[in-house]
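Protein chains in written order, with numbering that gives the first Met the number 0: chain A, 0 to 412; chain B, 0 to 328; chain C, 0 to 182.
It is possible that some hints are incorrect.
Partial list, derived from the structure: chain C residues whose beta carbon lies under 8 angstroms from chain A [what the hints assert, rightly or not]:
{"#": "1", "residue": "T15"}
{"#": "2", "residue": "S21"}
{"#": "3", "residue": "F25"}
{"#": "4", "residue": "E27"}
{"#": "5", "residue": "G28"}
{"#": "6", "residue": "F34"}
{"#": "7", "residue": "F37"}
{"#": "8", "residue": "R41"}
{"#": "9", "residue": "T42"}
{"#": "10", "residue": "E54"}
{"#": "11", "residue": "A64"}
{"#": "12", "residue": "Q79"}
{"#": "13", "residue": "G126"}
{"#": "14", "residue": "R127"}
{"#": "15", "residue": "P128"}
Examples of chain A residues toward chain C, derived with CB under 8 angstroms [unchecked claim]:
{"#": "16", "residue": "Q3"}
{"#": "17", "residue": "V87"}
{"#": "18", "residue": "Y91"}
{"#": "19", "residue": "N114"}
{"#": "20", "residue": "W116"}
{"#": "21", "residue": "G270"}
{"#": "22", "residue": "T271"}
{"#": "23", "residue": "E273"}
{"#": "24", "residue": "D274"}
{"#": "25", "residue": "P353"}
{"#": "26", "residue": "P372"}
{"#": "27", "residue": "M376"}
{"#": "28", "residue": "T377"}
{"#": "29", "residue": "F378"}
{"#": "30", "residue": "D382"}
It should be emphasised that the hints constitute simulated quantities derived from the structure, not laboratory data.
None of the values given here were measured: they were computed from a predicted structure.
Cβ atoms here follow ideal geometry from the backbone N, Cα and C, with glycine treated the same way.
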Amino acid sequence: MRRQLEGSVAVAKAIALCRPEVICAYPISPQTHIVEHLSDLVRSRELAPCEYLNVESEFAAMSAAIGASAVGARAYSATASQGLLYMVEALYNASGLGLPIVMTVANRAIGSPINIWNDHSDAMSQRDSGWIQLYAESNQEAVDLHIQAFRLAEAISLPVMVCMDGFVLTHAYEGVDLPAQEDVDAFLPPFAPRQVLDPDEPMTIGAMVGPEAFTEVRYLMHAKQMQALDDIPAIASTFAQAFGRPAGGLVRRYRSEDAETIVVALGSVLGTIEDVVDELRADGIRIGALGVKTFRPWPLEEVRAALAHAERVVVVEKAFAVGAGGIVGQNVRLALDGTGVTVHDVVAGLGGRPITGRSLRGLLDDAIAGRLPRDRMTFLDLDTGIVERELERPSGPHAENILRDLGVLARPY
Amino acid sequence: MTAERIRFYQVGSFAAGNRLLDPEQRTVQSRTERSNTLTSGHRACQGCGEALGARYALDAAMRATEGKLVAANATGCLEVFSTPYPESSWQLPWLHSLFGNAPAVATGMAAALKVKGRDDIRVLAQGGDGGTVDIGFACLSGMFERDDDVLYVCYDNEAYMNTGVQRSGATPPAASTATTRPVGMEAGNRFGQGKNVPLIAVAHEIPYVATATVADLHDLEAKVERAMTFRGARYLHVLVPCPLGWGTASSATIQVARLAVETGLFPLFEAEHGEITSVTRIRRRTPVEEYLRAQKRYAHLFGDPPRPDIVARLQAAANRTINRFGLAE
Amino acid sequence: MHQVRIHGRGGQGVVTAAELLSVAAFAEGRHAQAFPTFGSERTGAPVVAFCRIDERPIRSREPIAEPDTLIVQDPTLLHQVDLFAGLHPGGLVLLNSARTLQELGLDDTGFRIVTLPATDLARKHLGRPVPNAVLLGGFAALTGVVSLDAVVAAIREKFKGAIGEQNAVAARVAYEQLEAVHA
C-alpha cells in the first residue's frame, strides 16, 4: 500500500513486516525515529511476538543480538556513526560467528569533530568487518532492502548492514509502497538455523581457534561473501517478481551504456546525479551514472562491465581514506585495472554538506575539460582559503584553530 | 536461606562426611547422576579454583533447571581452558562471544527464549573478575537495571589471570600482580581503590545476590539453587583462588578460600531486592596474617623490610567488614 | 515542480507544516518530498523546512535554493536570517504578520509578499499561537498547488480529535481570507 511516510517510520514498518523476534537498539541521531516507532509497534502488540530490549549501549545492542541470534531468534538492531564504532568488536564477532543479524545504519559522520549529519564514514570504516553492506538510494529502496536483507542473511548465514543516508533519507517524507504482510511472509520464511543453542543438543560455540585453523575459517568468510555476489542478484530478482518493482542488486546503471563520462556513487546522492545527467544529456553530453547498491562484497565484475568502455569515471563519495585517497575510488580502480579508464576521486557531502546539482555540474564540466586532478582527491566545495591559512601553522584541533584564524574565538571578558 | 551449617566438633576437624547426612541433603557433587557440566579433559592448572567453582556452580544450576540451561561465557581463563578447539569440556549449550559482553549476550539469549515461548530454559552468564568488574561492568549493570532473567556468576580470582596476572578492579590492596609489583616503596596494589561488585549488585535491588567460595560446597550449591528459584537478574560472586596468580600450593586452594572467609576479608552473605537477608558468621576467627602468609602475592609484606603497617591496615579492613556485616559469632 | 521553503522557529511546527503539505499533495496523486534542515532540537532556534511537489518522481534531495514560494511563520526572522535567498523577482512570499508591508519595511522588495495574521487566527481558533496549519490554508488559496480539502484532510490525519478540527477550521478561515487576494 502506497503511503506518504517519514523514511524512518517506513523502515520501521518494513522491519516489523519481517517479524523480528528480538530488537535491541540504543538511540543515536539520526536513527532514533526507527527504534521509537518499532517500540510503539511492539508495545501496541502490532508486532508480536517480539522482545524489545532497551539496552545501555550500542556494544550491548549488538551483543544482545548475538545472544538472541545464537539461540535461533531473528534479531535486529540499528545505529549510526559513533554507535557503530562502539560496537565494532561485536560486529566482527557476529560475522565471525556467522549470525544472520540485520542492522540499519543511518549513515552519519564520525567525530572528532562531532557531527550528526550525513556522510558514509561510519559504514565505510566497517567495510572489512565481514558484514554485507547494502546502500539504499531512496526510502522505497530502504524498505525493500531490509526485506531482502533478512532473507539474504539467513540464506548465507552472514550479518547484513542496510545503509541509508541519515537525515536525508531517514527524516524525509516521501511516497513509499509498503508490502502486505502475507507477501512478506511468502518471501521470508521463518528463521531456522542449522546450528543453534539448544539443551536437547548442546554445542559449544566460540572456542579459540589457533594458527592451525584460523586461516581456513577466515578464508571461508571471504568465500561466503564472494558467493553472495550470486545470491544478492538472485534475491533481488525474486523480490522484483514478488513485489513488482526492482530494488537492490549489485549495481544499477543509468544512461551509462554509451557514456564517455560515468559518475559512480552510493546512496541518496544518486537522485541528484541522475537529474544532472539528464540535464547534461539534453545538452548533448554523453554522460551516465552507476549506482553501487552492494558495496560489500565488492561487485568487481559488474563494475568493470559497466565502466570499462568509458573515457573517464568520476567517483563521488561521502568518505575517504585519510592519508591515502578515495575508498570507493580505490575499489573502482581495482575493477578497472588494465582498462586505461581515467578515474577521478571526488569527496563530497562530508558531515552533511549538501551536494547540489550546481556543484555537480561544475565538477563534471571540469572533469570533461580535463581540469580535474588524477593523482589526488578533489574535495567538492572546499573552502581553500580557510584550509590554506590553517596549514601554514597547524596545531591541535583544526576546528578550533579555524575559529582563531577567522577571529571569532570567544574570549572571557 | 543458606543450609544449616553442620558442626563436626566431635570429629575435631572440618571434614564433612556425606555418610552423616540425610541423602536429601547431600551435595550435587556427591551424586552419581550429576551433569558433570564441565567435564574432565579441560586444560586448567592443577588446583584451579575457577575450574572447581564452575563445576560446582554449573552442576548445581543444571540440577535446579533439570538440565534446561544455556550459558554465555566471557573471555578469560575458564573460556580458554575449557574449549581447546577442536575439543570442548562443556556439556551444555555454551557460547563465548567477547570479553566485556557476557551479560549482554545472556540478555539476548533470555529474550530469545522468552519470545519463543521457551523460558523454561534458563540462562546463566559467567566470567572472571576482569570481565565482570571492569570491562563487562556496563553490560552487567545494564542487565541488572533491566532485571533480565539471567543468573550471572563471577569467578573472582582477583586479577586478569589468563593474560598473566595483571591487576583488575577486584585486586585487593597490597596484592602483588604483574602491574602492581612491590617495587621500591610500593607495597603492591594501592589502598583506596577497587570495586565491591556484590554490594553494587545489591544496590541495583535485583531479586537475588550472594557471595560464596569454593571452600564451602554446600553453601555454594544452596545459593545457586536459591538463585534459580527467582526470575529476573541474579548475581553470584564466587571467590576462587588461583595457585599461579596467588602463589599458593595447588593443594591449598580450598584451604586458602576458607581462610579468606574466616579472616573476614571475604564476607558471605545473601541479599534480596536491596536488603541483606542472611550472613554466614565466622566460626573460627583468624588473623589476616595467616591468610597473607599462605600466598606469595603477599610475600613482600613479610620480606626485607617487613611491612607490619600494611598488615595492620588489612586487618583493620577485615575488622571493618566483620562489623559491617555482623560476621562475629 | 513546485518548491516551497518554510521558515520559522523551533516549536512553531515548521517541520510539521512541510510534512502536512507533502501529505496533502500525495493525497491528490502527486509526488511530494518534505524534509527539514537538521540541527539540534531547540525551541526558538531558526528552523527551515522544504517541500517539493511534482507530477513526476522527485530525485533530488538538496535543500531548496530557489524556491517558488516562501512561507515565513515568524516575522522576527526577517532581520536574522536571509529569508529571501534564491527567490526570483516576483516570487511569492506568504508572511505570518498582522502588520502591513509598509510597517514591516517590505513594500519595495520586488517580491510578491502576502501577509496573513496566522498567529492571531491560531490564537482565536486553537487557543494557541501555532500558525503552521493556518498558513497552509493560505498557501492553498494563493497557489492552488494543493486544494484546501487535501490540506484539511492531512491536518485531521495528523491531529486527532478537537485539535485537528480546530486547526482545520483555522486553515479554512485563512483560505477564505486569501482567496479574495488571489482572485
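We went through each hint and held it up to the structure:
1. Proximity of C:T15 to chain A is violated relative to the hint, the smallest CB-CB distance being about 10 angstroms (cut-off 8 angstroms).
2. Hint on C:S21 holds. Least Cβ distance to chain A is approximately 5 angstroms, under the 8 angstroms limit.
3. Hint status for C:F25: holds, given a least beta-carbon distance of 4 angstroms to chain A, under 8 angstroms.
4. Violation of the interface hint for C:E27 is found here, the shortest Cβ-Cβ separation to chain A being roughly 11 angstroms, above the 8 angstroms cut-off.
5. Proximity of C:G28 to chain A is violated relative to the hint, the smallest CB-CB distance being about 10 angstroms (cut-off 8 angstroms).
6. Because the smallest distance between the Cβ of C:F34 and any Cβ of chain A comes to about 4 angstroms, under 8 angstroms, the interface hint for this residue holds.
7. With a least beta-carbon distance of about 4 angstroms to chain A, the hint placing C:F37 at the interface is held under the 8 angstroms criterion.
8. A hinted interface residue such as C:R41 counts as satisfied when its beta carbon comes closer than 8 angstroms to some beta carbon of chain A; here the least separation is about 13 angstroms, so the hint is violated.
9. Checking C:T42 against chain A: minimum C-beta separation of about 17 angstroms lies over 8 angstroms; hint violated.
10. Checking C:E54 against chain A: minimum C-beta separation of about 13 angstroms lies over 8 angstroms; hint violated.
11. For C:A64, the interface hint holds, the least distance from its beta-carbon to any beta-carbon of chain A being 7 angstroms, beneath 8 angstroms.
12. Because the closest C-beta pair between C:Q79 and chain A is about 18 angstroms apart, greater than 8 angstroms, the hint is violated.
13. Among the interface hints, the one on C:G126 is violated; its C-beta lies about 28 angstroms from the nearest C-beta in chain A, farther than the 8 angstroms criterion.
14. For C:R127, the interface hint is violated, the least distance from its beta-carbon to any beta-carbon of chain A being 24 angstroms, above 8 angstroms.
15. Taking 8 angstroms as the C-beta cut-off, the interface hint given for C:P128 is violated, the closest approach to chain A being about 25 angstroms.
16. With its C-beta approaching chain C no nearer than about 4 angstroms, A:Q3 sits inside the 8 angstroms limit, and its interface hint holds.
17. For A:V87, the shortest C-beta to C-beta distance to chain C is roughly 26 angstroms, which exceeds 8 angstroms, and the interface hint is violated.
18. Below 8 angstroms, beta-carbon pairs count as interface contacts, and A:Y91 has none with chain C, the closest being about 31 angstroms; its hint is therefore violated.
19. Checking A:N114 against chain C: minimum C-beta separation of about 11 angstroms lies over 8 angstroms; hint violated.
20. Given the 8 angstroms rule on beta carbons, the hint for A:W116 holds: about 6 angstroms separates it from the nearest Cβ of chain C.
21. At a threshold of 8 angstroms, the smallest CB-CB gap from A:G270 to chain C is about 3 angstroms, leaving the interface hint in force.
22. Interface hint status for A:T271: upheld, as the beta-carbon distance to the closest one in chain C is roughly 5 angstroms, under 8 angstroms.
23. Hint on A:E273 holds. Least Cβ distance to chain C is approximately 5 angstroms, under the 8 angstroms limit.
24. For A:D274, the interface hint holds, the least distance from its beta-carbon to any beta-carbon of chain C being 5 angstroms, beneath 8 angstroms.
25. About 5 angstroms separates the beta-carbon of A:P353 from the nearest beta-carbon of chain C, less than 8 angstroms, and the hint is met.
26. Hint on A:P372 is violated. Least Cβ distance to chain C is approximately 25 angstroms, over the 8 angstroms limit.
27. Look at A:M376: its Cβ only gets to about 22 angstroms from chain C, farther than 8 angstroms, so that hint breaks.
28. Residue-level restraint check for A:T377 is violated (minimum Cβ-Cβ distance to chain C is 19 angstroms; threshold 8 angstroms).
29. Because the beta carbon of A:F378 sits about 18 angstroms from the nearest beta carbon in chain C, more than 8 angstroms, this interface hint is broken.
30. Of the supplied interface hints, the one on A:D382 is violated, with its beta-carbon coming no nearer than about 18 angstroms to a beta-carbon of chain C, more than 8 angstroms.
Checked against the numbered hints given earlier, the structure breaks hints 1, 4, 5, 8, 9, 10, 12, 13, 14, 15, 17, 18, 19, 26, 27, 28, 29 and 30 and satisfies all the rest.
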